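**Student:** Let the sequences and hints guide you as you build the complete structure.
Those letters in the sequence shown? Residues 834 to 1214, by this note's numbering.
A portion of the hints provided could be inaccurate.
[Claimed, not checked] Distance windows between CB atoms, simulated:
| hint | residue 1 | residue 2 | range |
| --- | --- | --- | --- |
| 1 | Asn1001 | Lys901 | 44 to 54 Å |
| 2 | Lys901 | Glu1195 | 29 to 39 Å |
| 3 | Gly1122 | Lys1164 | 15 to 25 Å |
Simulated from the structure, these hints should not be mistaken for laboratory data.
These numbers come from a predicted model, not from an experiment.
Every residue, glycine too, gets a C-beta built ideally from N, C-alpha and C.
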Amino acid sequence: MPERAGCRCGTCGRRHHRVIQNAKCKVQCALWKGIIEEYREFLPVGNETPVVTLNEGNTPLIKAVNLKKHGLDLEIYFKFEGANPTGSFKDRGMTLALSKAVEAGSKAVICASTGNTSASAAAYAARANIKAIVLIPQGKIALGKLAQALVHGAYVLQVEGNFDEALNIVKILVEKHPITLVNSINPFRLEGQKSAAFEVCDQLGFTPKYHALPVGNAGNVTAYWKGYREYNKKGRSASLPVMLGFQAAGAAPIVLGHRVERPETIATAIRIGNPASWKGALAARDESGGRIEAVTDEEILKAYSLIASTEGIFCEPASAASLAGVIKLNKEGYFNAGDTVVCTLTGHGLKDPDTVFRASKEPIKVKADTGEVEKALKGII
834 MPERAGCRCG TCGRRHHRVI QNAKCKVQCA LWKGIIEEYR EFLPVGNETP VVTLNEGNTP
894 LIKAVNLKKH GLDLEIYFKF EGANPTGSFK DRGMTLALSK AVEAGSKAVI CASTGNTSAS
954 AAAYAARANI KAIVLIPQGK IALGKLAQAL VHGAYVLQVE GNFDEALNIV KILVEKHPIT
1014 LVNSINPFRL EGQKSAAFEV CDQLGFTPKY HALPVGNAGN VTAYWKGYRE YNKKGRSASL
1074 PVMLGFQAAG AAPIVLGHRV ERPETIATAI RIGNPASWKG ALAARDESGG RIEAVTDEEI
1134 LKAYSLIAST EGIFCEPASA ASLAGVIKLN KEGYFNAGDT VVCTLTGHGL KDPDTVFRAS
1194 KEPIKVKADT GEVEKALKGI I
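**Tutor:** Take a look at the structure:
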C-alpha cells in the first residue's frame, strides 16, 4: 500500500508532513490531512470510517521569548489551539466524533456548550451534511462563539439555566431520540483530543517536563494524559510529563472537592460546576504526580494580557488560566530554573473580544492634527 507523501526522519522513522510550494506556479500543496489521517494508528477508526475533517491539528508550538523578563526563568512553549479551523482545541475531538457519528448512520448531533463545542459541532456537522442541535446556558456566552454556531446553521436553544443543567437535558434527549451526543462524555471526543499530546512530542522532539492546561469540563487534561501515555508506550517518546490543571476560582469543583451549583468566572469556556471528565482529570493529576489548582479572574486577566502584549499571541481568557497557574506555582518555588513547560492555549482571542476592554486601556482620542498626535505620543516616538 503506498504511503502518504511526507518527510521521513532517518533516525526515528517518523513521517512528518510539510507544505510544499510549486516553484513554477507558486501554488502551495498542503500535505497535512487532519489528525485522523496523521495519527490513524492511534485512533479507533477503520478503512470504512468516513473521515469528516477540516484539516484540524498541526497547530503551532510557540516558544515564549519575552517571559523571562517578567520573572519566569522557564522554557515555556505555547501550544496555540486557536489555529484550529473553528479557533479552538474542540476541533480535534469533533472530527472523530462526527466521523464516527456518520459511520453509525446518525442524521443529527447534539451538545450542550459554553461556546467552543457549539461552534465546532456546528461546523463539522455542516461539513458532514447532518443537523446540529446546540443547547447553550443563559447569559455569558461569548458572541464570537455563538456567531459561529449560528452561521453554520445549527439549531441553537438557550436554556434558562447553567451549562450543567443544559448537559443534563442533552443526556436525556439522546436516550429518547436517535441523535448523537458530541460533548466530551462522548469517548471519541477525547480520542481525537489526545492527538495534541502527540504533536507536542513531535514538535519539541522530546516530552516536556510539565504540561499546563485550563480545566473546565476536564476533557482536555484527561485526553492529553491519555495521549502522552500512549505515545510513550509505543516508543514515540522517552518519558511522561507532570500534568498541571488550573480551574477558575469561581468554578473550581475539582479543587474544592464538590460540585459548584452556580459557577462564575470571566473565563466563560471553563465556567463549569460539575466536570464530565472529573475522574479522568484526577487520574491525570495523580498518575503524573501533578497538581490541579485554582486561579482568580484577576490572575487569569493578567496572564491573558501578558501573553498578548509580550508574546504576540491573542488567546481567549480561559486559555490564559494555564499560564496564570504556572505563574502562581512559580512564585511558590514549584519549578526549577530552566524547566520546560508547555502551556495549552485552548482558543483564539477573537472568540471573546469583549474581554479585551476589561483588560486593556481604551484608545486615546485626539484631533485630526499632526501636532496633537505628536503630543499624545510624547515619550513613545
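**Student:** It remains to establish, for every hint, whether it holds in the given structure.
**Tutor:** Here is what the structure says about each hint:
Hint check: Asn1001 to Lys901, Cβ distance near 46 Å, so the stated range 44 to 54 Å holds. Evaluation of the 29 to 39 Å hint for Lys901 and Glu1195 yields a pass: the beta carbon distance comes to about 30 Å. The given range of 15 to 25 Å is respected by Gly1122 and Lys1164, whose C-beta atoms sit roughly 20 Å from each other.
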